[in-house]
Structure formats: structure tokens, C-alpha cells
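Chain by chain, the residues run as shown.
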Amino acid sequence: MAVKHPKTSVVTKNISSEIVIDVKNLSKKFGKFEAVKNISFQVKRGQIFAFLGPNGAGKSTTIKMLTTLLDPTSGSLSVDGLDVVKNQAAVRNIFGIVFQDPSLDDELTALENMHFHGAMYGVDKSTRKTRTEYLLKYVDLWDRRNDLVKTFSGGMKRRLEIARGLLHHPQILYLDEPTLGLDPQTRNNMWEHIKKLNETEKMTVFFTTHYMEEAQRVADIVAVIDHGKILTIGTPKQLMTETKTDNLEAAFLKLTGTKLRVEEAASGMRQMARMWGRR
Amino acid sequence: MIGSLGQPILFLVAFGFGFGSIYAKAGGGNYIDFLAPGIICMSVLFTAMFGGIELIWDRQFGFLKETLVAPISRLTIMIGRTLGGATVAALQGVVIFLITLCIGFRPTNWWLLPIALVGTLLIALIFTALGTAIASKLDDMQAFPIVMNFLIMPTFFLSGALFPLDGAPKVLQWIANINPLAYGVDLVRGSLTGAWHYGFGLSLLVLVLVTIASISLGSYLFTKIRL
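Residue numbers (the numbering used here), protein chains in the order written: chain A, 1 to 279; chain B, 1001 to 1227.
Incorrect hints may have been included.
[Stated by the list, open to error] List time: in silico DSS-like cross-link candidates among lysine-lysine, alpha-carbon distance up to 27 Å:
(1) A/Lys64 - A/Lys244
(2) A/Lys64 - A/Lys32
(3) A/Lys64 - B/Lys1170
(4) A/Lys254 - A/Lys237
(5) A/Lys229 - A/Lys29
(6) A/Lys64 - A/Lys29
(7) A/Lys157 - A/Lys195
(8) A/Lys37 - B/Lys1170
(9) A/Lys24 - B/Lys1025
(10) A/Lys32 - A/Lys125
(11) A/Lys150 - A/Lys125
(12) A/Lys64 - B/Lys1224
(13) A/Lys195 - A/Lys129
(14) A/Lys29 - B/Lys1224
(15) A/Lys24 - A/Lys202
(16) A/Lys32 - B/Lys1224
(17) A/Lys150 - A/Lys137
(18) B/Lys1137 - A/Lys86
(19) A/Lys244 - A/Lys229
(20) A/Lys237 - A/Lys44
(21) A/Lys32 - B/Lys1170
(22) B/Lys1025 - A/Lys29
(23) A/Lys24 - A/Lys125
(24) B/Lys1025 - A/Lys86
(25) A/Lys44 - A/Lys86
(26) B/Lys1170 - B/Lys1025
(27) A/Lys86 - A/Lys229
(28) A/Lys229 - A/Lys137
(29) A/Lys259 - A/Lys29
(30) A/Lys150 - A/Lys202
Don't read these hints as lab results, they were simulated from the structure.
This is chain B alone, in the form it adopts within the complex (with noise of 0.2 Å):
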């Protein structure tokens, strides 16, 4: 857990105070407020997603393969994963959010804090089972710095966790539309600063949605798996 605390930490460091003046210059205030709960979320997302994707070693030389021989249903398994990947990915946003505190980050409304956690958690599950959906249809490790490369590392970077989506270009901004992790970052950002861009209701239903979307998907995919 240790280790994989380093990079949103230093993306909050380097970013936060390297671009923090900048972005106060521009009109745009303390750049470490609007980072945070991108940074938060970016750890949810690279921890979620690996934590699915792990499946694939599993598959060869783990667990997986005495979870499959047991008399208990594909699903129950899949769903078990699942929860126990997102738990791991949403502690890590709450460990995040903790070093936040440390560095001076301060949320506007505390009593807003669970809405946040809720969206931490509704990013979890979503790349957890999207993790566990794309690990099921691989057979090696190959083709996992495309993974990352193609899926995990656009994700983050056009969700408006680092800059803000509302003076962006359009092109931009059509590609955030499309990114649940968007949503999320809107969710955590707006309920710990008050900062909405698609705002509370919108960002809600459509991770919800995005969530049983990706439930569903990764299940199917996990009882299609042949060893």
C-alpha cells in the first residue's frame, strides 16, 4: 500500500505547488483545493483498475483457480472481487484524502464528506469490475502496458482531475462527457469544495448507472472465463 502511495503524491506535490501560482495568476484560486480530490480519485482509479486486472496472474498462478473448483456460483465469486478490490481502491482515496489534510487542503463543508466517500466508492467499484471485465478476456501480461497505456492513463487525464472542464475546449469536453471517472471526480471535488461542473444529481445517476453497467459486464465476462 506504501508503494503505491508515491505517485498521486507526487503528482499533488509537483503539480499543486509548481502550478499553484499560475493557476492563482489566471483567476482560478488555490490550485491544491481543486487538485485534492482529483489526486484522490486518481489513486482510486490506478488502484481499482490493477487490483481487477490482477486477475489475469491470478488465473495462471493464484487463487482463481481454486475459487473455480469450488461449488459456489462464478457470480458470487465475481461479486466477492469486486467489493473486496473496491474496498482496497477506496481506502487508498481515504488514505489520500488524509495526506491532502497534511499539506494544507481543507474541504469546505465537512458534513458533505460521506457524499464524497460515496463517489470515491462508486469510482472503485466501477474500474474494479472494469479491471476484472478487460482481465478476463486477456490471456497474459502482454497486454497490459496497453491497458494502461490506452485506457487507464486517458481516463485520468481527460477527467478534469487536473484542470478544470469549464474553460476547456470543446473536444475536451466531449471526451470528459464520455468518462464516468469525470463524474466522479465532479462528485468528490464539488461535495469537498463546492466546485460542480456536471453537478450533484447528474454526476450521482450517472455513476450509478456506469456502476451496474460495469457490475454487469465484468460478471458476464468472469463466468465466460475457461481456464
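Chain A on its own, in the form it takes in the complex (with noise of 0.2 Å):
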């Protein structure tokens, strides 16, 4: 919701004080390697928080205990202020997720894909007809709902994974690099929708993206993390302030430094998929 201020007209958002991801000393270990170091920030309900890190930073591992897929070696993270560890399925309704590699059934249409989540959500059937009608027109894909999503160009999967990750009406939207291989016509279109979402529904969006222009444009707070470690949070503006620099990707660069990183484990996996065609 949209604030104007009497005096000065400048309009800023109405951003409530509630915390609904709340992350404390949260700590994971692989064996030896400690992939995520002591780290804490908070998230206030209908902020857009942008994670940034380079390849490697702990990002991803962050992301997974956020959503359940992995536990944390110690420290405590709670989502709307249940435990995320102690309570897995309650938090997995607060929440929905749209990953970095595709996650939709392509032999199923598009429909098809949106009963299946509603289904596993327990989402009852007349509210998942509506709701499913609703985002699917809002992401521009109700006239090929009856489509595979094999034949979805990249974009469309994505929207259509930005839906069903709607479907059960979650508090939080995680997105994984949500713009990672997509047109400009189409990121823009993303974030558009996106942004009336958080606008409109008031839903807390937490998203990583190496596109750091994005976050300049569309994120309340910006958090970097780096060898496991946060290094600061802030508004674009001031982490830009504090590196005396114009825009995020510079920031972004002085504080991470510019020598380049691993990347991930799963890219040989990418690799055989790109050449086979299936993303």
C-alpha cells in the first residue's frame, strides 16, 4: 500500500514493522566445509528482499533451509514466527517457491500443473478453479492453459511457475534467480507482475538474481552474502552510499571483489541439459 507523505508528496510504502522471516545465528556445515557462517537478518512482511552473492557465497544453501529442504546445523530461523525446522509442514503452506531449474511436469498442460499443486496444498476444489483462473490470467497464460508445457517457450514456464507458486495464497514468494535466461521484454513483464503482487496482496517476495540492475530497481533491502557470511544489509541506496558508488552491480563489486568464483556442482548437469534440449 502506497503512502504519500503530506509534506514532502514523496510516495514510499507502507511497509509494516512485523517480522515474518526472522534468521539468527544460522550456521551449516558439509562435513568440514562450512558453507553458511553465523549469519542473521530479518525480512518485514511485503518487503521485496534481494539476496545477492557471488557463485558459491552460501546463497542456495541459505534459500534450502529457508524452504525445508535442508536443516541448519545451529542457529534458529522462523517464518511467521513458527520454527522452520520444528514445524516443516505448517511453514511449506506459508510458503511458495519458484526455482532456478524448471519444476513443472512438461508432459502435463498447463492446467494440469496448477491442479496438481492445489492438490497437494489442499487447496478445495471450487477455490483452486477460481484462484487458478485469476493467476493464470494475471501471467497472461489463460489461453493456453489447455497447452503441454513442453511446447512453453522459458518465459512462460516461468510464469506459469510464478502461478502456481500463488496457488495456495503463501505469505512469502521465494524466487531463485527468477529472471536468469529471460528476455528483457519478459523480465520487465515479471517484475511488473511481481511488484502488483506485493503491492496488492501485500506478499513478502525474497529473491536472489546476479541481475543486479533488478534489485536496483525493485528491492526494499538488499542483502550481500559472501564465503557464508553477510556482509551488509541495507536499501540500494545506502549500500550504494556506503561504497561511494552510483549503482548495485559497482557496490556489488567492491564489497565482493572482482575475482572470479566456482561455480556450482549441479552445472554439469546444466551442461547435458542445455545440449539435449530440455530447458
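Using the hints, build the complex out of the two chains.
Structure, rendered in C-alpha cells:
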């Protein structure tokens, strides 16, 4: 909900002070390797929160812990007041997620994918039908609802995943590199949809990306993580002031350095997928 | 589905008609009658294991992630996948059965057909669950050819699907004794042609026990998956 300042007429978002994601001293060790080292941060309801970091910084590991796919080694994670480790099922109902790699069933239609999601999340039939229509129209896929997903372009698949992730009316939407590989029009279109949802439904958005200019444009708060530690948290403007730069990408490079990083291990399979055209 | 019919049909036709006359000369009777149940089990085995192994691909690029973040238990997902995969594999077996009818195979007792179906279903369940169990431990597709050559092929070839276990060398018989597929083949072949090796009771018992064991193993390993 936008609020206009009475004196200056500057329009700012009315973000509640309610904390919806609370991370305290979170750590994750894989054997000897410490992927996430004692990080803490808070996300307020209705915020668009960007989680930035170079490859191998610990972003994916953090998101996996937030989405119950991994258990933390130590520290506490709470979502909407619930301990994530102790209340897995309840927490899973609170969030929706769009993964970096597609997680749709290619052999089903768009409508069937939505149906399946609704069944797994226990959305009752009539709600599911009305909301599916609403969401598919929202992302401009209603006309293609009976087409098999394997006929969809990358951008269409991503839009469908967003529509699907929202079917159970989550309070938080996690997006892991949501615009990776999409053309500028689709990227712009996607963020328009997400921002609209954020404004009208007060939905909290937590995303990771390498497209810094997007983060700069849409994020309320940015956290930068590197080598498993949080380097800084603030608005894009604060980060730019802090690093004496005029855009978020320069600020990011100043904070994390310009040395090249090792890409994650999954890249082997991704290359295979690209070769066989499944991506 | 059509593509995966190729191999079983090829085996059926090439071996069936190829070895047919020699087999009959050796006193074995009609080879096609002997072979058909074996080929049915072959298609069920392959389809079931591939279905289970598909999990590896699904982990990275498919639907699995979506199911893992949903508020349903891992066990439910595992059972759902296994039943789904097993159904497809069993259906494949039925299709092959219909094809064997086309080339002249006739069951000796049509009333025993349901028993053959049960055998097919149990094989399908066992190997879908095993495929899932293996895939739960693997991270990428590179191990797949190894599984193919050192697990699926030996299981098929040393199960009595292609040759009778009755007169076979002791070593082959011992290996077949610990091969679940051998009991599956026996159940299907026994009910369709009356040629039993282990017998109805033993085959059924072993199959049921192995089904329970493999589903348990598959479920356990599946719940341990970490993306």
C-alpha cells in the first residue's frame, strides 16, 4: 500500500514492522566445509528482499534451509513466528517458491500442473478453480491453459511457475534467480507482475539474482552474502552510499571483489540439459 | 511407450523363431511358449527400473523439487511415485502379452491369467522401488550405464526368462535363487503355461516379501534425499 507523505508528497511503501522471516545465528556445515557462517537477518512483511552474492557464497544453501529442504547445523530460523525445523508442514503452507531450474511436469498441461499443486497443498476444488483462472489470467497464460508445458518457452514456464507458486495464497514468495535466461521484455513483465502482487496482496518477496540493475530497481532491502557471511544489509541507496558508487552492481563488486568464483557442482547436468534441449 | 516395445519384440521374434527349432529338437517343446512369459517380465523389469531411475533427472530438472517443498510427507510421495511407475510397467507387460498372442502364444489356462497379472504387478513394484532406491543415492546420470550393465542386464539374463532353470548348471541356478525376477518369471510362466520351477507358493511368497523389503528400502532412502 503506497503512502504519500503529506508535506513532501514523496510516495513510500507502507511496510509493516511485522517480522515475517527471522534468521538468527544460522550456520550450515557440510562435513568440514562451512557453507553458511553464523548469519542473521530479518525480513519484514511486505518487503521485497534481495539476497545477493557471488557463486558459492551460500545463497542457495540459505534458501534451502528457509524452504525446509535442508536442516541447519545451528541457529534459529522462524517464518511467521513458526520454527522452520519443528513445523515443516505448517511452514511449507506459508511460502511458495520458484526454483532456478524448472520444476514443472512437462507432460502435463498448464491447467493440470496448477491442479496438481492445488491437490498437494490441500486447496479445495472451488477455490482452486477460481484462483487458477485468476492467476493464469494474471500471468497471461489463460489462453494456453490446455497446452502441454513442454510447448512453452522459458519465459512462459517461469510465469506458470509463479502462478503455481501463488495458488495456495502464500505469504512469502521465494524466487531463486527468477529472470535468468529471459529476454528483457519478459523480465520486465515478470517484475511488473511481482510488484503488483507485492503491492496489492502485501506479499513478501525474497529473491536471489545476478541481475543487479533489477535488484536495484525493485528491492526494498538488499543483503549481500559472501563466503557464508553477510557483508551488509540495507536499501540499495544505502549500499551505494556506503561504497561510494552510483549503481548496485558497482557497489556489489566493491563489496565482494572482482576475483572469479567457482560455479556450483550442478553445472555439469545443466550443460547436459542444454545439449539435449530440455531447458 | 511405443519405442520401448521395440526391444522386447525384437528378443521375442529373434530368439523365439531363431532358437525355436533347436529347442524343440532338444525336447523342450515350443520355445515361443516358453519365451513369451520371460519377455513379458523383461519389459516390466526395464520399464520399472527406468521409471525409478528417472528420479535422478527429476531431482535437478523436474517435478521432484515441487513435491519436496509441498506440505506432504516424503513417504506419501514415494508411494505415489512407486505406484505410478509400477502401473506403467505392468501395463507395458500387458501390451507385450497381447503382442505375444499375435505371434501365436496361447496360455494353457485362461483362468490363471489374474495370477500372471499379480506376478507382473509385484515385479513392477519391486523394481520401481529398487530403481527409486538407487536413484536416491545417485547425483547424476553418469552412474546410469553402470546400473544398466551390472544390475539390470544380469537380473534379466540370469532369471530363467530366456532358458529353463531346470537343467541349468548349478551356479546359474544358485544365482537365480537369489534373483527376485526369477520368482516373478516363474509365477508368470507357471500360470500362463503350467511350467513351474519354484512352484506357485514359493514364488508368490518370495515376491511378496521382496516387494515389502524393496518398498521399505526405497522409502527410507527417498526420505534421506537432500537436494
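Evaluation of the provided hints:
1. Between A/Lys64 and A/Lys244 the alpha-carbon distance is near 33 Å, which puts this suggested pair outside the 27 Å criterion.
2. A distance of roughly 19 Å separates the Cα atoms of A/Lys64 and A/Lys32; the hinted pair therefore holds under the 27 Å criterion.
3. Annotation: proposed proximity of A/Lys64 to B/Lys1170 is violated, straight-line Cα distance about 53 Å (limit 27 Å).
4. Of the supplied pair hints, the one linking A/Lys254 and A/Lys237 holds, its CA atoms being roughly 15 Å apart against a limit of 27 Å.
5. Taken as a hint, the A/Lys229 and A/Lys29 pair is honoured in the structure, with Cα atoms around 13 Å apart against an allowance of 27 Å.
6. For a cut-off of 27 Å, the pair hint linking A/Lys64 to A/Lys29 stands: about 13 Å separates their Cα positions.
7. Restraint check for A/Lys157 and A/Lys195: the C-alpha separation of about 19 Å stays at or below 27 Å, so the hint holds.
8. For the given pair, A/Lys37 sits about 60 Å from B/Lys1170 by alpha-carbon distance, which is inconsistent with the 27 Å threshold.
9. For a cut-off of 27 Å, the pair hint linking A/Lys24 to B/Lys1025 is broken: about 79 Å separates their Cα positions.
10. Simply put, A/Lys32 and A/Lys125 have alpha-carbon atoms about 48 Å apart, too far for the 27 Å limit, and the pair is violated.
11. With a CA separation close to 25 Å, the supplied pair A/Lys150 and A/Lys125 stays within the 27 Å bound.
12. Proximity of A/Lys64 to B/Lys1224 is assessed by CA-CA distance (about 15 Å); at most 27 Å being required, the pair is judged to hold.
13. In summary, the hint linking A/Lys195 to A/Lys129 is supported, as the alpha carbons are separated by about 24 Å, within the 27 Å threshold.
14. With a C-alpha separation of about 17 Å, the suggested pair A/Lys29 and B/Lys1224 falls inside the 27 Å cut-off, and the hint holds.
15. Distance hint between A/Lys24 and A/Lys202 is fulfilled; the C-alpha atoms sit about 24 Å from each other, no more than 27 Å.
16. With a C-alpha separation of about 20 Å, the suggested pairing of A/Lys32 with B/Lys1224 holds against the 27 Å cut-off.
17. For the hint linking A/Lys150 to A/Lys137, the alpha-carbon distance of about 20 Å falls within 27 Å, and the restraint holds.
18. Pair hint B/Lys1137 plus A/Lys86 holds up; C-alpha atoms about 26 Å apart against a cutoff of 27 Å.
19. For the hint linking A/Lys244 to A/Lys229, the alpha-carbon distance of about 22 Å falls within 27 Å, and the restraint holds.
20. With a C-alpha separation of about 18 Å, the suggested pair A/Lys237 and A/Lys44 falls inside the 27 Å cut-off, and the hint holds.
21. Only pairs whose Cα atoms come within 27 Å are accepted, and A/Lys32 paired with B/Lys1170 is rejected, the gap being roughly 50 Å.
22. Taking the CA atoms of B/Lys1025 and A/Lys29, the gap is about 68 Å. The hint is violated against a cut of 27 Å.
23. The suggested pairing of A/Lys24 with A/Lys125 is violated, with an alpha-carbon distance near 39 Å, which exceeds 27 Å.
24. Annotation: proposed proximity of B/Lys1025 to A/Lys86 is violated, straight-line Cα distance about 70 Å (limit 27 Å).
25. Proximity of A/Lys44 to A/Lys86 is assessed by CA-CA distance (about 22 Å); at most 27 Å being required, the pair is judged to hold.
26. Under the criterion of a C-alpha separation no larger than 27 Å, the hint pairing B/Lys1170 with B/Lys1025 is consistent with the structure, at around 23 Å.
27. Among the hinted pairs, A/Lys86 with A/Lys229 is consistent with the structure: their alpha-carbon atoms are about 25 Å apart, no more than 27 Å.
28. Between A/Lys229 and A/Lys137 the alpha-carbon distance is near 41 Å, which puts this suggested pair outside the 27 Å criterion.
29. For a cut-off of 27 Å, the pair hint linking A/Lys259 to A/Lys29 stands: about 24 Å separates their Cα positions.
30. A threshold of 27 Å between alpha carbons decides the hint, and for A/Lys150 with A/Lys202 the separation of about 32 Å lies outside it, so the pair is violated.
Checked against the numbered hints listed earlier, the structure breaks hints 1, 3, 8, 9, 10, 21, 22, 23, 24, 28, 30; every other hint is satisfied.
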